[in-house]
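J.: Chain residues, written in single-letter form:
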Amino acid sequence: MNPKAEVALSLHNVTVRFGTFTAVDGISTTLRAGEIRAVLGENGAGKSTLMRVLAGQVTPASGQITAFGTSYAKLDADLALSLGIGMVYQHFMQVPQFTVAENFCLGLPRTGGVIPNLRRTAAEIAALAARYGFDIDPNARVETLSVPAQQRVEILKALYRGARILILDEPTAVLSPDEAQGLFAMVRALAAEGTAVLFISHKLHEIMDLCDSVTVIRRGKLVGERQVADTSEAELSRLMVGSDIPDLTRPPTLSVAPTPLLTLRGLNLGRGPLDLTLHKGEIFGIAGVDGSGQIELVETIMGLRRQAGLAFDFLGQDLTGASIKTRLAAGIAQIPEDRHKSAMVAEMSVADNLVLDRIEQPPFSKSGWINTPAITAEADRAIAAFDVRMQARSQPMGSLSGGNQQKVVLARALAQAPQLLLAVYPARGLDLGATRFVHQQLLARRAAGASVLLVSAELEELLSLSDRIGVMFDRRFAGILTEDDMTMANLGRLMAGAA
Amino acid sequence: MAKHILGQLAAVVIAFALSAVLILLAGKDPLLAFGAMAQSALGSANGLSETLLRMVPLALCAIGISLSFRAGVFNTGAEGQLYIGGVTAAAIGTALAGTDAFITMPAMILGAAIAGAFWSGIAGALKLRFGADELITTIMLNYIAIFFVGFLLHGPLRADGSALAQTARLTAEARLPVLVQGFRANWGIFLVILAALLASLYLWRRTGGFRLRVVGQNPTAALNAGMNLQKITLGAFLVSGALAGIAGYTEVAGVQRRMIENLSPGYGYTAIIVALLGGTNPIGAVIAAFFFAALQVGASAMESTAGVPSSLASVTQALVVLCLLARNAPVLLRNWLARHTPKTEA
Amino acid sequence: EVKIAMILTGPITDADWNSVGYNGLKAAEDALGATIAYSENVTDADAERILRDYASQGYDVIFAHSFSFGDAALNVAEDFPETVFMAATAQELTENVGTYSNPDYQGAYLAGMLAAGTSKTGTVGWVGGMPAPNMLANLNAYAAGAQEQNPDVNVLHTFIGSWFDPAKTKEAAIAQTEQGADVLSAQGVGVIDAAISENVWALGAMTDQNHLGPNVVLTSVLWDLGPLVTAVAKAVEDGTWTSQEWTYGIPEGAIKLADFHGLDSNIPADVLATVNAKFDAIAAGDFIVPLDTTQH
Amino acid sequence: MDFLTDPVFAGFLAASVRLAIPILLAALGGIFAERAGVLNIGLEGQMLTGALAGYAGATLTQNLWFGVIIAMVAGAMAALVLAYYAIRLRANQVIVGIALNLGLMGATSFAYRLLFGVDTPRQRVDSFQSLNLGALADIPVLGPLLFRLDALSYLALAAVFVSWFVLARLRIGLNLRAAGEHPEAAKTLGLNVPRIRFGAMAVAGALAGVGGASLSLAATGTFVDNMTAGRGYIALAILILGQRHPIGALASALLFGAAEALQLRAQLLPINIPVQFLQMLPYVLTIAVLAGLVGRSRAPAALGKPLSDD
Ligand SMILES: Nc1ncnc2c1ncn2[C@@H]1O[C@H](COP(=O)(O)OP(=O)(O)OP(=O)(O)O)[C@@H](O)[C@H]1O
Ligand SMILES: Nc1ncnc2c1ncn2[C@@H]1O[C@H](COP(=O)(O)OP(=O)(O)OP(=O)(O)O)[C@@H](O)[C@H]1O
Ligand SMILES: [Mg+2]
Ligand SMILES: [Mg+2]
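So the protein sequences, as listed, match chains G, V, C and D. Residue numbering for the first sequence follows the numbering used here, starting at 1 and increasing by one per position. Residue numbering for the second sequence follows the numbering used here, starting at 1001 and increasing by one per position. Residue numbering for the third sequence follows the numbering used here, starting at 2001 and increasing by one per position. Residue numbering for the fourth sequence follows the numbering used here, starting at 3001 and increasing by one per position.
Calculated from the structure, these hints are not laboratory results. Where hints are given, some of them may not hold.
Pairs of lysine-lysine, DSSO-like flavour, derived with a Cα cap of 30 Å [to be verified]:
| no. | chain 1 | residue 1 | chain 2 | residue 2 |
| --- | --- | --- | --- | --- |
| 1 | C | Lys-2256 | C | Lys-2120 |
| 2 | C | Lys-2234 | V | Lys-1028 |
| 3 | G | Lys-280 | G | Lys-325 |
| 4 | G | Lys-341 | V | Lys-1231 |
| 5 | V | Lys-1028 | C | Lys-2026 |
| 6 | G | Lys-325 | V | Lys-1231 |
| 7 | V | Lys-1003 | D | Lys-3305 |
Starting from the given sequences, assemble the full structure and let the hints guide the process.
T.: Below you can see the structure in the form of structure tokens.
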């Protein structure tokens, strides 16, 4: 980055309030063309909110935004777009039922007048995609695309609109490391062309790898700004949390002979058989590029998906045709992939969400009558134990920041000390401290003799936690790695489909 | 809270001011009309009795609708369920003529509830089995119910020798007793209170109600939490149908004393407004039903006393609802003014 | 000065049953200088309350102008012995509940004769709302009249299943013309529209409906409730009112055929003569139109 | 195949179309509203408004087309009230819709009397008559289906294809659907979602208004209180049955119209089925088709939901 480059954006004392709550508190900073700036902070620190101010989605209570020399008290969506500010949201802003090209046409007169020229737009998309080495079918419906593909579409959409300031809100949360590297290459290329990039991530190594500078936010306030060259991961995490984060210690594998916990025979996800046995006291990692059958595997174990000819043995119990309720009662718990869809009721309180699957059990109810004090007590316990940051336990679940929602889901999954925990992307969107905390919880389950099926897109996470790793490709296991051959190289090879 | 009630009051006042303009346009006296309205709906023992009487079917249907909406079931079929419940109650009541009231009354209530639940259950089964949208099926089932009842009353259930399509008059044991001699309000009100209390307890204190709310708000999460979606959804259909069926019973046993072809002036549809005005809350539904009943009873008195055309009575009712719903309007106005008045900065 | 109230099932602008009631009320107002009041669109669920309302306001006589208001009138009458209630076709009579019939079936008989006599196809039609007793009486008398005129006549009838649905009524009538009906009895808005579009004859009902189809409405069966309302109110005022069935039909001059507006040239002269003779016979009491409310 | 040329069969086909047209127009209106994310329960009131306004406009100017235009404007205005509640006031769209239907039923009746009085006999306007297309009308099946209609019905059929084209091909259609599926995304792309929804509702009301006018200006030539007789609610069902697609709505409305035409004819046959069972036919058939053929249809994701804050 060129320190003499033109200033693309500067913020002066920007403050955002939601009611009485100050989400962003007097933040000032300056971003130059071609600079890649990381924005770092705990869950709920205010990163997304600040970015939404820039995209014209949130009106600041006070402060000033200067973009390419002109100052504004607030931006609206149109203005932000016309200034060349493009944002890729955590929740993608695409109409799932539309094709990629149709999504690109929305609100963009350049794509044709009364009748948008979809063919021309598709051709332009293809050309742009080719320039950045993306593989995107402009005529595919967005809902049929994988998550990384949707993200590429989002980025491409911002570029197509001529973004000169590109905001990426936790883009790597849904990407595998390889995919993340692809993204970084692209971001670097854009920066080289003069695009300023704001990059939000909870992964310090990514920041160290990609960014020029870092802005650290804590509880809405800017607590420090560093050049990446002049700082370290340790310093950044200290800045972010206010203290050091303890290292993760993984106790060694037990030396006793493994005892099976779950045996699946005759499993077939549509591309041939795959047998699976999970042992007590192990973390079994599942690697694979997105869409390799991980989710189907978890859904089958959970009973959400039925398959003929499957024999399901769980601790000597035959659960083949069992209902989800029976499986939960038998000690299987899950952290689902999409918490908004599958794991939370946004309108209900955090306390209610914490007992969603246990409401029938004592002490939360007795002969069908709900025991509110018991639920309150459980909520207080879980909120304290999992450090859920929120205003009140009666707060609707939907009003928590994403990271804190994830903690609630985790707390619920772990509450009954499950014998088998199906953890799908358990740390997605979590900050450093929270991620560390989740990992410790998984290890604690393992130490207690339970088994964890850990689905993750992050190979480091898998490598540091798993006892074995099953690598999925095309809905089958391409291989199962054990302690000795668990290496990045082997993982990468198998994930690509090599035998 | 106080501010909230004040706001509601202001809304009602505005609605009446608007109606007053229309009444003047019709060449009638608004003060006379509103006086008659207040007097006949709430201002006299008979008025209160009439309001309570009308509240019963509205409240029963609205409680059921509230429960079904909470479960994510858009049951707009209370009208038809009411007819089916009513005709069943009348059939049982006439069949048991002369039997002790201790047997007749429970039999009629139970019969009406089961019949209403059955009718609603058809829509439920179609939804679960074929994914048929209940908005369509319940609207269609309303028409079918009314034609079917017409068939029964013209044919098999018609009273001997009656020129009219109606069942025989219920004997005293089969009727719902009045609360106070000389007034029409009847024991149906106890059914309302009972239903509202049970429904509230169920919704907020019972695990079943908890599950119902979860299913209504996020079915996928409910599924993942091990809940039986089909059972809960069907249950919501059945319970709301049963309550509408009981509303049919109260009309037959308490008001008409037989089954007639035009049993309901759209109670089942009005109850949708009532349920939503009451915040899909059983107690709220009762309060809203009382309010709406008073409004309807009062509105018709505007016609009989002040000569206001009945069409304006419906306009007045609609205006009251619309003004109540416009509670965000003052905020909007303030924001608009704030945006459009130049700031004077020091 | 007598105070008269009336409750009606529909709007007074329907040019049908409710207009007849309203016009009767107006006639009594003019004739007696009476005070009148009325409520429209009264449902069966509301009837009792509104009757009670009028009674407690001191109205002397209250007309419950629907065959379905009988129960309500009987219930309220118990509590207001000083008030006179007139229910259209009540099931029973009491001290202060009288009843009045709907004698338009007498006119329907004549309409049937006219229809059968004018028809070239030998098929005539009749469209109504719901199979209520008064409608059935009308239909059966129409059919009987048609048969008297032409024993081989084919009388088609359709019930649309609700009281007001002009578009559906029109389609029901068109369906009848497709089966050959070339004269239609219009017991609801829409039939005359069908007659216009299919170029067949229509016979209006209740009020003179010629203006709705000047070229197709041969005549209308008129029902004038004025004499009845006036007579009842006068009797109440004079204290001579008695509980009974008040019948004001053709003999009393309440049912008539409307002017033909020049279309009588399309009716065979002999038919016209027979119909006129029949009218006179009914008026003189020499012929009693059969009252049949069964559904065939 | 003799029946194909049978005049009774031809009459049945033509009647099916005529009975379908008013419902079809309202259903098209409903589609515009719903695809943009607004639940338009108020179709019934908008139709009724159109029926009166069309009649009044045509009577006062002695011009049917002027009546149609007035009906569109009035229907649109009625819909915009609902839109204001739904979009600006974030009120529950179901209550507002039902309340407006109630209010408009009264208001149209009242307005009729203000305009035309109570005591004057009801006037009839010379309604739209079927166009004379000569030999075309005698083509088997197609003739009665397509070539015996009145001008307003051709307008309705044209509206089906125009609606389809607008929704599927035009930029405004794309924007409209985005507003119904993912308003937040639409907003981030600089689309003015409230404006789109207001526009969609205006179109919805205008179409429902013409639907109402087709009752007063084509079917009959007069206005009667509450003459829509629940067609606005039926249209809500028809549009779902048609999967919220204009062509689907056409097919569904025709099915409903055909069932109605059939039962009106079945009543004239010497069969011993109670009349009430014949009258049920259209409603039973609709359910049967929904369950048997159509099944689950996906509503726009944001249907009925108020926009999020700011
Ligand atoms: N519209 C809103 N209304 C009320 N509170 C809000 C709103 N949006 C955000 N907040 C609150 O503001 C705070 C900051 O949220 P924000 O999403 O900016 O955090 P974040 O730093 O992006 O967190 P994460 O790392 O979890 O994504 C949170 O406490 C959140 O609950
Ligand atoms: N009405 C509200 N009240 C309080 N907080 C809200 C409200 N609406 C949204 N929020 C919060 O605003 C924040 C902004 O959402 P954003 O799209 O950045 O997701 P996020 O919280 O980071 O979630 P995720 O990690 O799942 O992607 C979230 O924390 C959300 O919970
Ligand atoms: Mg965020
Ligand atoms: Mg997050």
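J.: Each of the hints needs a verdict: does it hold here or not?
T.: Here's how the hints hold up against the structure:
1. C:Lys-2256 to C:Lys-2120: Status holds; Cα separation ~25 Å.
2. C:Lys-2234 to V:Lys-1028: holds (28 Å)
3. G:Lys-280 to G:Lys-325: Satisfied, since the Cα-Cα distance of roughly 22 Å is no more than 30 Å.
4. G:Lys-341 to V:Lys-1231: holds (21 Å)
5. V:Lys-1028 to C:Lys-2026: Within the cut-off at roughly 18 Å; holds.
6. G:Lys-325 to V:Lys-1231: The hint holds at about 13 Å.
7. V:Lys-1003 to D:Lys-3305: holds (27 Å)
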